[in-house]
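**Student:** Listed below are the residues making up each chain.
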Amino acid sequence: MDLDKLTALELAEKIKQHQIGVLDGVKYVFDNIEKKDPKVHAYLETWKKEAFTRAKQVEKGIADGTYTGPLAGVPIAIKDNICIRGKKTTCASKILENFVPTYNAEVIDRLEKAGLVIIGKTNMDEFAMGSTTETSAFGVTRNPWNTDHVPGGSSGGSCAAVAAGETFLALGSDTGGSIRQPSSFCGVTGLKPTYGTVSRYGLIAYASSLDQIGPVGRDTADCAALLEIIAGHDSKDSTSIDRKDTDFSKDMKGHLLGMKFGVPKEYLSEGLDPEVKESFMNALKVLTAQGSIVEFFSVKTMEYMIPAYYIIASAEASSNLERFDGVKYGYRAEGCTELHDMYKRTRTEGFGEEVKRRIMLGSFVLSSGYYDAYYLKALKTKALIRQEFDSAFHKYDVLLAPAAPYTAPKIGESLKDPLAMYLGDIYTVAVNLCGLPGITVPCGTDKKGLPIGIQMIGDCFMEKKILRAAVNFEAGRGAFPLAAEGGKKA
Amino acid sequence: MAKIIDDETIENVCILAKLALTEEEKEKAKADMQKMLDYVDKLDELDTEAVEPLTHIFGSDNVFRDDVVTNGDCRKEMLANAPKAREWQYQVPKTIG
Amino acid sequence: MKQYETVIGLEVHVELATKTKIFCGCSTEFGGAPNTHTCPVCTGMPGSLPVLNRQVVEFALKAGIAANCRINQYCRFDRKNYFYPDNPQNYQISQLYLPICQDGWVEIETSAGKKKIRIHEMHMEEDAGKLIHDEWEDCSLVDYNRSGVPLIEIVSEPDMRSAEEVIAYLEKLRCMMQYLGVSDCKLQEGSMRADVNLSVREVGSETFGTRTEMKNLNSFKAIARAIDGERERQIELLEMGRAVVQETRRWDDNKESSHAMRSKEDAKDYRYFPDPDLLPVHISDEWIARLKASQPELREEKQQRYQEEYGLSAYDAGLLTESRILSEKYEETADLCGNPKKAANWFMVEVLRLMKDRGLEPEQVTFTPGHLADLIQMVERKEVSAQNAKKVFEKVFEEDIDPVSYIEEHGLKIVEDTGLLEETLQKILEENPGPLQELLGGKEKVFGFFVGKMMKELKGKASPDAVREALTKEIEKRK
Chain A
600 MDLDKLTALE LAEKIKQHQI GVLDGVKYVF DNIEKKDPKV HAYLETWKKE
650 AFTRAKQVEK GIADGTYTGP LAGVPIAIKD NICIRGKKTT CASKILENFV
700 PTYNAEVIDR LEKAGLVIIG KTNMDEFAMG STTETSAFGV TRNPWNTDHV
750 PGGSSGGSCA AVAAGETFLA LGSDTGGSIR QPSSFCGVTG LKPTYGTVSR
800 YGLIAYASSL DQIGPVGRDT ADCAALLEII AGHDSKDSTS IDRKDTDFSK
850 DMKGHLLGMK FGVPKEYLSE GLDPEVKESF MNALKVLTAQ GSIVEFFSVK
900 TMEYMIPAYY IIASAEASSN LERFDGVKYG YRAEGCTELH DMYKRTRTEG
950 FGEEVKRRIM LGSFVLSSGY YDAYYLKALK TKALIRQEFD SAFHKYDVLL
1000 APAAPYTAPK IGESLKDPLA MYLGDIYTVA VNLCGLPGIT VPCGTDKKGL
1050 PIGIQMIGDC FMEKKILRAA VNFEAGRGAF PLAAEGGKKA
Chain B
1432 MAKIIDDETI ENVCILAKLA LTEEEKEKAK ADMQKMLDYV DKLDELDTEA
1482 VEPLTHIFGS DNVFRDDVVT NGDCRKEMLA NAPKAREWQY QVPKTIG
Chain C
20 MKQYETVIGL EVHVELATKT KIFCGCSTEF GGAPNTHTCP VCTGMPGSLP
70 VLNRQVVEFA LKAGIAANCR INQYCRFDRK NYFYPDNPQN YQISQLYLPI
120 CQDGWVEIET SAGKKKIRIH EMHMEEDAGK LIHDEWEDCS LVDYNRSGVP
170 LIEIVSEPDM RSAEEVIAYL EKLRCMMQYL GVSDCKLQEG SMRADVNLSV
220 REVGSETFGT RTEMKNLNSF KAIARAIDGE RERQIELLEM GRAVVQETRR
270 WDDNKESSHA MRSKEDAKDY RYFPDPDLLP VHISDEWIAR LKASQPELRE
320 EKQQRYQEEY GLSAYDAGLL TESRILSEKY EETADLCGNP KKAANWFMVE
370 VLRLMKDRGL EPEQVTFTPG HLADLIQMVE RKEVSAQNAK KVFEKVFEED
420 IDPVSYIEEH GLKIVEDTGL LEETLQKILE ENPGPLQELL GGKEKVFGFF
470 VGKMMKELKG KASPDAVREA LTKEIEKRK
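Residue numbers (our numbering), protein chains in the order written: chain A, 600 to 1089; chain B, 1432 to 1528; chain C, 20 to 498.
Hints in this document: simulated from the structure, not taken from any laboratory.
Treat the hints loosely; a few may be bogus.
A partial selection of chain B residues facing chain C, derived with a Cβ cut-off under 10 Å [claimed, not checked]:
| no. | residue |
| --- | --- |
| 1 | Leu1447 |
| 2 | Pro1484 |
| 3 | Asp1492 |
| 4 | Tyr1521 |
Distance ranges between label pairs, derived from CB positions [claimed, not checked]:
| no. | chain 1 | residue 1 | chain 2 | residue 2 | range |
| --- | --- | --- | --- | --- | --- |
| 5 | C | Gln92 | A | Leu856 | 22 to 32 Å |
| 6 | B | Glu1454 | A | Leu1018 | 16 to 26 Å |
| 7 | C | Asn273 | B | Val1500 | 44 to 54 Å |
| 8 | A | Leu1022 | C | Lys274 | 54 to 64 Å |
| 9 | A | Glu937 | C | Glu30 | 40 to 50 Å |
| 10 | B | Glu1454 | C | Asn237 | 37 to 47 Å |
| 11 | C | Asp271 | B | Glu1476 | 32 to 42 Å |
Even for Gly, the Cβ is constructed at its ideal location relative to N, Cα and C.
Only chain A is shown next, with the shape it has when bound in the complex:
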């Protein structure tokens, strides 16, 4: 059986039908890891022996009715900023090199209850700060479609692992596009849920008001099924919402007749790569061909999104990362005899350059005399952006946008100019600022064979609309393959 062609849901179904064993799926994944990961480096750590043991246990659990969910028996990879009890959780940072949480993230408990098999931790930009997975302290992850290129970030490891067949499913986290942008670069499907839908307990925070954990998979239905498992109220997270409508897979297959899509026309102006634009415009045709309506509208706050986002995210990050000080866990600089010397050396040696850059910016925008001019101004701008999206959703069911202005850049190109890299987040950050759900679905490749994704954005709690749009779009688009070595297959 060609497991490359199976989605996670199909794999789980075949497991239930006894056509395939849980262990077969896990073995397939580890075969790919052994074959491809020395080059791709999607994983920071894998647990083969444990995964095999767990596979046998899940096999039994499925037989005796312990695990009845639609994804029981499916291998899954976890981004390394999500805590697993007894497993190193590093955020790809030297400062957390040896940190072993004594607790599970809420999502991990939910995955275990649903009978998934966790196979390892994936690489990421250090503390999720970056758009390329190059800021990891433990080496870059390469794009499985072309290993000279980055996989995007910050959930680059998770997306690359799915694209390379090194897992069926993965969890990522999205603070400013960290699931949707690497999904686009890696040709996989990734979803950022409405803020508060998935518990953040056990997710090591980058920017608390923007962070959400979300699924990455081979198609939309896989993401919906995985989201159903991880979504739900958690009393350990005050920002968790008690939603009653987490049956995301339901009604996905309904038609698009009369559905109204809005495209911010500013998104298609300067800065957008022509090949990406062409692919995006073709995707719009796929949607209109199914009886939906696509209209262009104007978003006036577009150029304020990146400034507002980076001020807010850096401010929160500067505070969230204060706890990494060498006292309670993680790295401590050697031979410190004075307290503040210990703090400074630990943090200077423990954090990478990009993290330090954002901590400094964040400390500055919150500092006395600048709070109003920068931080408060950004919060007010956020309110204006929200207003604009609110009114857009009065007119449209779903908004459409590219996931990134270009396809995956070459390794080593992006970090030279941080501001230029930040500008690459232009299509994704507003979704986080407004708490909206967004999904990236592959819509084509460029001439180099690198994937391009289309982003579908819904109003808060309207995951079902974007899922339906995405499923129908996939049907119109046709099958989209996993990455082939050399990236020539597409």
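Let chain A serve as the given structure and place chains B and C on it in line with the hints.
**Tutor:** Leaving out everything else, chains B and C in the frame of chain A:
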């Protein structure tokens, strides 16, 4: 015009953020921050006089915990992560006073 | 020399009497082994998140209502960022922009009369851990058991002018908190702490001088000494033509002096911003109304009631209501024995004396009010002598014994049957023929001699009245 990021600003930011940069790194940090602040100055174009800052996307309902003890003693596992511990406590360089 | 006026404002931290911490389910119990009351949340483990304890909000509201504050019905938590090892996240969750209570006042009474002290605000926040300094190893050790214990910080306006007023204000707050049941306010355990903001100015001046903030004040005496010390220090500076520097100073009560707490690493820029991990708190009109309705009787009301219901003097009522715990014991005793005035005497004389002798706080007094009530009734019924009753009460106070059976078992009960009395009387008269003759001869002074002899012999088993009566009868008979 953006605030000019001078040596003093960087020094102060390093004290706040607990970072020790070399002279070279400071120069780079200064340039990076200056560039970023010049860029985010764009926000000044927006009239936000009458706009309420949006701190929380949601939050119309209160979220509370009941006053019931739910946690036991797990100091052994927790202290296992400490870079330095002694007598069941986290050890740090001497603090004054 | 110029005349100076001291201007004082206080920041008082009160630990709330919740069972668990403000943002996690760890116990707040005092004195556990190091780090046994900790979890990922209160040690700042990555990925952990705070969830607000409802009881903290209730207690803060109760305190705010009692102190006549305006309630911010939409309040929020902010992060106060500063690095220190007792603060595991390196930010403290507190309230700056929208504190729960604002603009209140309390009334204090000093030798100069009554005065209102305005309260600027009350806000909720979390306590820090404890640092122990190890001189031998030249290091410090951190215990996070106190980390995350709920506090309210009560910030006064600079309305106080003397140590006497400050102490009266603190006593007032402590009494109020104890009556409300929101805190036990034990200074020795650190559940009530005060930082003193002090400045001096020339009498008559309208503007404030430069103030300093003094920390580490852990008793009322230390506070009084620190105020006097700082006042003198500032006046001395001004007299020398030098300026007072706005700074935080640490009071050393052993040396009776303070020193500036300054470090170049202390940026004093807390970068407060709204905590994104916690949602705003909405306090409905109904919630406030419910709390107002359930507010317990406070000291002033109780004092009034004691005067009206029990007929006590204002002074006695004041003394008895100083501590809520004692006043409750008193009331129960008074109601059980049916004699509020007698009960009041017992409390003001015996209970307070024994507390003072043994150095006990009201919460350390553990006797059952019913036992004292029984004792009072026995005295009233003349079943035990007042002298013996006091001795028995010491046993009640210390071991909470049942006085009725104790008096019975130890033969202290006054015998009402005349057998023993008669027998003793005959014996005493026989042993003292000389004085008996004098008494029969009309020498009335000797009467007292026989009463004393009898009482000594009977060891309190008969009342003096009974002895007198029996003796009179016998003499009449023999005349």
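**Student:** With chain C as the partner, please determine if tyrosine 1521 of chain B meets the hint condition of a C-beta pair closer than 10 Å.
**Tutor:** holds, 4 Å
**Student:** Given a hint of 22 to 32 Å, does the C-beta separation of glutamine 92 of chain C and leucine 856 of chain A actually sit inside it?
**Tutor:** About 47 Å separates the Cβ atoms of glutamine 92 of chain C and leucine 856 of chain A, which means 22 to 32 Å is violated.
**Student:** Tell me if the beta carbons of leucine 1022 of chain A and lysine 274 of chain C are separated by a distance inside 54 to 64 Å.
**Tutor:** Given about 60 Å between the Cβ atoms, the range holds.
**Student:** Against chain C, with CB atoms and a cut of 10 Å, does the hint on aspartate 1492 of chain B hold up?
**Tutor:** holds, 8 Å
**Student:** 37 to 47 Å was suggested as the range; check whether the CB atoms of glutamate 1454 of chain B and asparagine 237 of chain C agree with it.
**Tutor:** holds, 45 Å
**Student:** Does the Cβ distance between aspartate 271 of chain C and glutamate 1476 of chain B fall inside 32 to 42 Å?
**Tutor:** violated, 55 Å
**Student:** Report holds or violated for the interface hint on proline 1484 of chain B, using the least CB-CB distance to chain C and a cut-off of 10 Å.
**Tutor:** holds, 9 Å
**Student:** Verify the interface restraint on leucine 1447 of chain B: the C-beta must sit less than 10 Å from at least one C-beta of chain C.
**Tutor:** holds, 5 Å
**Student:** Quick check: does the Cβ-Cβ distance between glutamate 937 of chain A and glutamate 30 of chain C fall within 40 to 50 Å?
**Tutor:** violated, 29 Å
**Student:** Are asparagine 273 of chain C and valine 1500 of chain B spaced within 44 to 54 Å by their CB atoms?
**Tutor:** Violated: the Cβ-Cβ distance is about 38 Å, outside 44 to 54 Å.
**Student:** Cβ-Cβ distance between glutamate 1454 of chain B and leucine 1018 of chain A: within 16 to 26 Å?
**Tutor:** holds, 23 Å
Hints 5, 7, 9 and 11, counting from the list given before, are not met by this structure.
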